[in-house]
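**Student:** Now for the letters of each chain:
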Amino acid sequence: MLQQTRVLFVSFSLLIILILFWGCDDNPLAPEEEQPKDYAVYAFDSTNYQYFEYHPLTGVLDSFTCDDSPVWGMEASADGKYLFLAAEDYLAKVDLITKSTVATLPYKVDCGIAVSPDNELIALSMGPGFVIARVSDLSIVYENASLDYRIVSFSTDGNRLYGCYDTSNTVAMIDIENSFSITTNELSVGPIRTLKPSIDETKLFLIWRNNKSSNAFTVYDVASDSITFREWLYGGYVDIKVDPDGRYVFYTEAGDYVSIPGSNYFTIYDINRKRIFKISTVGIDDGINPIYMAVYPMCLTPDNKWLVIGESPKGKSFLRFNITIMEIDDFIKGDSTAHLKYFTCQCN
Amino acid sequence: MLKKTIISLKIILLLLLLTLFLNCDDNPLAPENEPDKDYFVYMFETDHAGGHYYMGYHPASGAIDTFTAEDSPHWTMKVSADGRYMFVAAEDYVAKVDLQSLQTVATLPYRADYGMAVSPDNQYLAIIMGPGFVLARASDLSVVYKDTLLDFRSCNFSSDSKKIYGYGDGSYHSVVKMDLVNNYTRTSIELSPGPVIHSVVPSLDEKKYFIISEYDMWFNHFEVYDLVLDSVIFREWIWNGYNYLELSPDGKYAFYTEGGNEFDVNGSNYFTIYDIERNRIKMKVSTVGVKDGINPEFMALGQMAITPDGKWLVIGESIDCAAFIRFNMTTMQIDDYIQGEINEFGIYMEGYSCFTCQIIQ
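Protein chains in written order, with my numbering: chain A, 1 to 348; chain B, 1 to 361.
Errors might be hidden in some of the hints.
Selected chain A positions facing chain B (Cβ under 7 Å, derived; list incomplete) [as the list claims (entries may be wrong)]:
(1) K212
(2) F229
(3) I276
(4) F277
(5) V282
No lab work stands behind these hints: they were computed from the structure. Note that beta-carbon positions come from the ideal geometry of N, C-alpha and C, so glycine has one too.
Taking the hints into account, I'd like the entire structure generated from these sequences.
**Tutor:** The structure is reproduced here in structure tokens:
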């Protein structure tokens, strides 16, 4: 009898423990959430020739110097271990641990650098000229001295490269897996300033020049060969980023540093809903007498949690936008002499 | 022995089940979410053929009703705080219209050409004239207080209905507070010399004023004045013209539009959400693409109405207001666009005005 009661009691207890574990959403058996990774966003201060390393997760800001300095542009490797610097007449690969240049390539990379998401290739565009090299040792994979497109982005799978040219409405696509064949597509827009493909490459997000004082953000649908969305922007400098999840496009309209002040907000385009909303910088430093802070260069962390945006035109300050809560939650006021450029972060 | 054990086990089971229910986030004992109450946002519609009618838009369902009533607004209209009556500012009088029978049940012979305000407790109706101010009981429109010389503009009741805030009373740079429980005494705060005030809305705790003021023919200010600090704590430059300002019922956000004017100022094709606690602009919500992503019209925004549950913000197009949008305040997205009739020449046949919604849930 006692034996039967014990068996009954133990079975019952086990059943209840099982109900407790499986019945709740906050399952105590579930693995703990992964800690967010502390990615670094790099920028270059072209006045004081120093690099900034900002950690959006913690808000920590460091600075350092290197053997080389960028003149035309700067990109982090996809794994975040190296910086590629477009110096005056060459490309330098800088080790971010030792801060030393570990390899160089003798090209004047004055029209852009792109690193493939798989960290295998780096594309360099000159005006004119185009080179694809291996990230590991900068050995050349492909070279075309006459190609005159500014390479702006790899596809997500790293198999294609997209480019455009400031004075034309043509988008170029280089198929790396297919003998570097180039296909071009003339779009019914003005000269294309910059572009990004969507994650699935069914759409192109473009900013093109309408006239001296206005640009346009446009969504081009590849399958239907048509424009599906357009917004008119201020003229001048622009930047565009697509978030790693493919939900949003972020873009800035920075003005021309001369007569067009640009916008003191940046825009978020919701890709699925085809809608936009704008995040203003008014009041982030001082609500009473806020500086007019137009924004320009942007950088996304690969975990899609942070967007770091620099001030335009002089880039003394920058801000951190928390993508999860959709709010600006840090404002970093730099030295009054600083001119921060080339915000970059690993993409993997 | 076995019986005792079974009883003990039953008690343990009950206790454990109770613990389970109380510890789980998705508590099965919790009451189900109440369905959204179907509030009306009223507006008055004028078609180009000279017809006039009221429109009741249900933000929760997206349904639209139209009706006519014995009286029509000439200057403006305000729905009562409980949503049962409409106060209609006709040419030379104010009419109280029963929204069930659509009959006028009371009138007051004042020309409310500078607007009206309804107290959140549904007790009072403030009638603003240029000049002149009348406070009447909402129940029967009997006059409680009257000053035919008072120049008191942009009146808004405090959340406890005991004070009215506006500007004027001798200076268009002063915020004026009328104390309804203290012999209608008025106190003024002269803001630092500068812009002429266009509208004033107090925060729920009355510690801040949200102000729209005119800077010059091109620009206005949206400002936040902190009474404790006696200073402006936030300012944004916005386009001049028809600017409207509303607070969310929970007091978290101020919404404002920049409607431009009929002359040189286009206004903005977005509205702004100001986060009161964070003293920041939360976001600007654009109308680009709400109608047509490819060839979007420039849709500047004007009048607004918020449902008392704080779920929906309905915003009309500026100037002619041939269309309006619904903004879902839970998802922070524009999720409906309603356009009036267009004739064969592509000209809008209708215009909406006087957006108003009840205050009490």
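**Student:** Would you mind marking each hint as holding or not holding in the structure?
**Tutor:** Okay, the hints, checked on the actual structure:
1. Violation of the interface hint for K212 (chain A) is found here, the shortest Cβ-Cβ separation to chain B being roughly 19 Å, above the 7 Å cut-off.
2. A cut of 7 Å between beta carbons decides the hint on F229 (chain A): the least distance to chain B is about 4 Å, and the hint holds.
3. Restraint check, I276 (chain A) versus chain B: the minimum CB separation of about 5 Å is within 7 Å; hint holds.
4. Hint status for F277 (chain A) relative to chain B: holds, with the closest Cβ pair at about 5 Å, below 7 Å.
5. Hint on V282 (chain A) holds. Least Cβ distance to chain B is approximately 5 Å, under the 7 Å limit.
Taken one by one, the earlier hints fail for this structure only at number 1.
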